[in-house]
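Q: Could you put the whole structure together from the sequences, leaning on the hints where they help?
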Amino acid sequence: MVGLADLNGDEITELLDRAVEFRRLADERALPSPLAGATVGNLFFENSTRTRNSFRLAAKRLGAETVEFTEVGSSVAKGETVADTVRTIEALGVDLMVIRHGSPGVPHRLREFVTSGLLNAGDGTHEHPTQALIDLLSLRDAFSQEGTGESLAGKTVTVVGDILHSRVARSNIHGLRALGARVLVCGPSTLLPRQLPGAEFFTDLDAALAQSDAVNLLRVQFERQRGAFFPSPAEYYRLFGMTQTRLTRSGRDPWVLAPGPINRGIELSSEVADGPRSLILKQVANGVFIRMACLATLMEARR
Amino acid sequence: MVGLADLNGDEITELLDRAVEFRRLADERALPSPLAGATVGNLFFENSTRTRNSFRLAAKRLGAETVEFTEVGSSVAKGETVADTVRTIEALGVDLMVIRHGSPGVPHRLREFVTSGLLNAGDGTHEHPTQALIDLLSLRDAFSQEGTGESLAGKTVTVVGDILHSRVARSNIHGLRALGARVLVCGPSTLLPRQLPGAEFFTDLDAALAQSDAVNLLRVQFERQRGAFFPSPAEYYRLFGMTQTRLTRSGRDPWVLAPGPINRGIELSSEVADGPRSLILKQVANGVFIRMACLATLMEARR
Amino acid sequence: MVGLADLNGDEITELLDRAVEFRRLADERALPSPLAGATVGNLFFENSTRTRNSFRLAAKRLGAETVEFTEVGSSVAKGETVADTVRTIEALGVDLMVIRHGSPGVPHRLREFVTSGLLNAGDGTHEHPTQALIDLLSLRDAFSQEGTGESLAGKTVTVVGDILHSRVARSNIHGLRALGARVLVCGPSTLLPRQLPGAEFFTDLDAALAQSDAVNLLRVQFERQRGAFFPSPAEYYRLFGMTQTRLTRSGRDPWVLAPGPINRGIELSSEVADGPRSLILKQVANGVFIRMACLATLMEARR
Chain F
1 MVGLADLNGD EITELLDRAV EFRRLADERA LPSPLAGATV GNLFFENSTR TRNSFRLAAK
61 RLGAETVEFT EVGSSVAKGE TVADTVRTIE ALGVDLMVIR HGSPGVPHRL REFVTSGLLN
121 AGDGTHEHPT QALIDLLSLR DAFSQEGTGE SLAGKTVTVV GDILHSRVAR SNIHGLRALG
181 ARVLVCGPST LLPRQLPGAE FFTDLDAALA QSDAVNLLRV QFERQRGAFF PSPAEYYRLF
241 GMTQTRLTRS GRDPWVLAPG PINRGIELSS EVADGPRSLI LKQVANGVFI RMACLATLME
301 ARR
Chain D
1 MVGLADLNGD EITELLDRAV EFRRLADERA LPSPLAGATV GNLFFENSTR TRNSFRLAAK
61 RLGAETVEFT EVGSSVAKGE TVADTVRTIE ALGVDLMVIR HGSPGVPHRL REFVTSGLLN
121 AGDGTHEHPT QALIDLLSLR DAFSQEGTGE SLAGKTVTVV GDILHSRVAR SNIHGLRALG
181 ARVLVCGPST LLPRQLPGAE FFTDLDAALA QSDAVNLLRV QFERQRGAFF PSPAEYYRLF
241 GMTQTRLTRS GRDPWVLAPG PINRGIELSS EVADGPRSLI LKQVANGVFI RMACLATLME
301 ARR
Chain C
1 MVGLADLNGD EITELLDRAV EFRRLADERA LPSPLAGATV GNLFFENSTR TRNSFRLAAK
61 RLGAETVEFT EVGSSVAKGE TVADTVRTIE ALGVDLMVIR HGSPGVPHRL REFVTSGLLN
121 AGDGTHEHPT QALIDLLSLR DAFSQEGTGE SLAGKTVTVV GDILHSRVAR SNIHGLRALG
181 ARVLVCGPST LLPRQLPGAE FFTDLDAALA QSDAVNLLRV QFERQRGAFF PSPAEYYRLF
241 GMTQTRLTRS GRDPWVLAPG PINRGIELSS EVADGPRSLI LKQVANGVFI RMACLATLME
301 ARR
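Protein chains in written order, with full-length UniProt numbering: chain F, 1 to 303; chain D, 1 to 303; chain C, 1 to 303.
Hints listed in this document are in silico derivations from the structure and should not be mistaken for laboratory results.
Please note: incorrect hints may appear among the correct ones.
Remember, identical chains collapse to one label, so a pair may be satisfied in a single copy or spanning two.
Simulated pairs of lysine to aspartate or glutamate, DMTMM-like, Cα-Cα distance not exceeding 20 Å [as the list claims (entries may be wrong)]:
no.: 1; residue 1: K60; residue 2: E21
no.: 2; residue 1: K282; residue 2: E150
no.: 3; residue 1: K282; residue 2: D17
no.: 4; residue 1: K282; residue 2: E80
no.: 5; residue 1: K282; residue 2: E271
no.: 6; residue 1: K60; residue 2: E271
no.: 7; residue 1: K60; residue 2: E200
no.: 8; residue 1: K282; residue 2: E112
no.: 9; residue 1: K60; residue 2: E300
no.: 10; residue 1: K282; residue 2: E71
no.: 11; residue 1: K282; residue 2: E235
no.: 12; residue 1: K282; residue 2: D141
A: What follows is the structure, given as structure tokens:
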């Protein structure tokens, strides 16, 4: 699975249901081994300890062996193309490959070169499909627990922050729309794209919050940002940081998602991060099960 | 287990006995899998290939899956607190966590944030409980082999070197005292603390050796030392280095421990390191079994 | 196994046959676990993601646990000798050790210090025995598929490139000769040794090709080369790069091996690398099975 844009609502729901089933089996310490005898390549051309560990653990718990590959920086500099690196790892006997790469479209393009099942773990500013599935499942859990039913249809979710550069935003918007939710995006006007089909634009967070059942707070990526898109972290926090005051003022008590790692005092206050509406740690826990569902589904498609 | 100071003599003896039992079963290639289905997080905020491998191997051999995390330098610099990192890893589905951190007290403090079982793999200059257990077991094996019984009661052990900054020294002294041994500490006066309950101070190694059944040679950590605590490595070796001449001169033939990695020609001569009284490689072998005992005990406490 | 020079033709053939057997069982998803309960140390004092992964995967698929160790640069700088590092890792309970080191003869010398089975994964410019076995098996497969029988006896193989510094060349020449092949070496005269028993020297690639059933294209190691052994990559490509024109001109359609990672446009053109005579990805796939054969054979020798 290279992008969430390839999947319709039914296919997304099937993956979420499957993740819930793996979660139930894990709780009962009765996980099956649908990947026994299979090898999963974990190829990170851009590093991420937490996402890598989540995929690795999902693969191992379902019985697979893993091959880890990290290439920070360009492999072209060492004289090997990305396609050659990936084909070489496939030749080791890999059945499924998880790929993260800094350039948009790389996993898509690699489909011409390999026959293994491909799972996109984030490609530049393009897509991050498993993160979106995690967010959808965490929202479904939360709404269901609230007694309003697990359906996302008719709910309003606001994605906050650097919409322009975020693959999480892009995949989320597609997934939320496919499940019938209304999507608002809100951030500094310098970090909003010119257009984004399916999303309504806000630059005033309080106005967006007044209509939201949930908010998804994108990470401010100081390590990536080159330009000066906003004056300072303090300025960002004042305008777009989620505080308890702001949540209460909205009169709607929305659920709070954040793909992390979070910056306390920038995207949100500690009170919100550790508060009763925060789904942050539940997102991490769901991550392993979403990845199990994707790996198992991809493996079946190959057999 | 966060520190050896939490355990009394009986509890320490129980862990040593359990390690011996795992060692016997490993020799018979009949190790059980008390950690089957469990996940152990191996969190090293300060790197150590050998300690990390020892814990990982202990966990895997008892049937666990592991999650590896290395963060050299401050994670606060990347905007995430240590508590958030640890809670995120726990949320992946981790049951037990092994934690090494450069600051004293971190594992202790993390108990407020996580519900997983915590095992301290070294916290700054504070404690390194599994290393102390390894040293105790290696001494018990040696005394037992000598025919004087495995008890440490009444034996005299000298810890040599940088007592001031050593977590190994601190954990060792507690463990040795709890099992009834007399403890001497010996090193340059600049590297001795002002006071250390339970230990007798020496600056003359020969005087300490004349009363010792065993010596534990702390590693000179050139990579950490900032000040000038002793004039030169040669000077250190002349005053505190263990040589065969010095061992013979003591008239007691003491057992030699060293937590390693050793510096030949600084803490000890090659003749001593490779000699019949050296327990260095036995300490490494016991390390895996001590860690098995700690992990299995911690897992039972959680169930 | 420290070098291919230790093995005669029958012993080499036995390893190749065993690899083929593991390959057949893997295809049937019926691999046995001859290394169950064993621990394999993967010690790379010089880094190589692909070779390390190949050994690790071979060990894991046969049921072993692995201990990974990477020490780039000199461990002596940290005060520990290579022998101490290796003995410490062995003491963790390791049964077999895979060792790559930048200095020729290190695995050979380590035999004095450890009792584990040792497998050389490349020692400086000396030997790289498993790569040679991979090349032999890939050639045997290719000749067999061609219908000329799998025997290498009477075949002519040309090794092209930096013969002077290549451990792959050295191991290949021994293996090819042991199985009855004729060996030509071809490269810039600055990169040919003064003498090389068993090989015939060429500096004109077309002359060598006119007599060859296969060519083995050594990697140009820009990262290692200190002197100026040839004017420029373009010059190298013009004289020694394998192109389709050159292959066709030879009138022999030789098989093409390359131990990789390949530099497209330097050792060979993309057309050749991806062409029907290229064995490059088959070499990678055979790598895992050759390593399985070596590990299993070494383990039996120990029991």
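Q: Take the hints in turn and mark each one as holding or not.
A: Outcome of the hint check:
In the homo-oligomer, the alpha carbons of K60 and E21 lie at most 20 Å apart inside one protomer (17 Å), although the nearest pairing across protomers, at 26 Å, exceeds that limit. Taking CA atoms no more than 20 Å apart as the test, K282 paired with E150 passes inside one copy only; the shortest distance there is 16 Å, against 50 Å between copies. In the homo-oligomer, the alpha carbons of K282 and D17 lie at most 20 Å apart inside one protomer (16 Å), although the nearest pairing across protomers, at 40 Å, exceeds that limit. In this assembly of identical chains, the alpha carbons of K282 and E80 lie at most 20 Å apart only when taken from different copies (18 Å versus 40 Å within one copy).
In this homomeric assembly, K282 and E271 come within 20 Å of each other (Cα to Cα) only inside a single copy, at 17 Å, whereas the closest approach across copies is 50 Å. Proximity of K60 and E271 under a CA criterion of 20 Å is satisfied in neither setting, with 35 Å inside one chain copy and 38 Å between copies. Taking the shortest Cα distances, K60 and E200 never come within 20 Å of each other, neither inside one copy (41 Å) nor across copies (50 Å). For a Cα distance limit of 20 Å, the shortest separation of K282 from E112 across copies, 19 Å, qualifies, whereas the shortest one inside one copy, 36 Å, does not.
For the identical chains of this complex, K60 and E300 are intra-copy neighbours only, at 17 Å inside a copy versus 23 Å across copies, given an alpha-carbon limit of 20 Å. Taking the closest pair of Cα atoms, K282 and E71 never come within 20 Å of each other, the shortest separation being 30 Å inside a single copy and 23 Å across copies. Taking the closest pair of Cα atoms, K282 and E235 never come within 20 Å of each other, the shortest separation being 29 Å inside a single copy and 57 Å across copies. With identical chains, the CA atoms of K282 and D141 are at most 20 Å apart within one copy only, with a shortest distance of 9 Å there and 47 Å across copies.
Consistency note: the structure conflicts with the earlier hints numbered 6, 7, 10, 11.
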